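First residue of the sequence shown: 6, per the numbering used here; consecutive thereafter.
The set of hints was computed from the structure by calculation and includes no laboratory data. Keep in mind the model is a prediction, meaning the values are calculated, not measured. Glycine included, each C-beta is placed from N, C-alpha and C at the ideal position. Keep in mind that the hints are not guaranteed to be accurate.
Said to hold, decoys possible - Computed spacing ranges between beta-carbons, pair by pair: (1) Phe85 to Leu10: 21 to 27 Å; (2) Ser83 to Leu10: 21 to 27 Å; (3) Cys86 to Leu10: 23 to 29 Å.
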Amino acid sequence: ATPLLSLSLFHLVYLKSNTNVFTAELFGMLSRCVYHSVETAYCVGVLPLKFLQHEYIYFDVTRCMILTAFVAVHSFLSLFCLELHCLGSEVLQQTRLLGE
6 ATPLLSLSLF HLVYLKSNTN VFTAELFGML SRCVYHSVET AYCVGVLPLK
56 FLQHEYIYFD VTRCMILTAF VAVHSFLSLF CLELHCLGSE VLQQTRLLGE
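Given only the sequences and the hints, what does the whole structure look like? Please build it.
In structure tokens:
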């Protein structure tokens, strides 16, 4: 619920103040990548710990936090590269139109 709330607040407050379509689209792309990477890290690193049924299972909190951070960063970079690959030609064309 917290990533969704922060994403909606970011969209309603910050993006509405920017009138430039290019920067609004860029920040929208970044916010989508951040939201999905946090969601992925939550599903991979935090959610399985909630369903531990045995008290004798040992897990290291530090190692879990490091792996969760690694998953978040890795999924952010993967999603960002995918977004840039899909929208790269369109963004390049928009920058050329703004430059002329």
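Against the structure, the hints come out as follows:
no.	hint	in the structure
1	Phe85 to Leu10: 21 to 27 Å	holds, 22 Å
2	Ser83 to Leu10: 21 to 27 Å	holds, 24 Å
3	Cys86 to Leu10: 23 to 29 Å	holds, 27 Å
Comparing the model with each numbered hint stated earlier shows that all of them hold.
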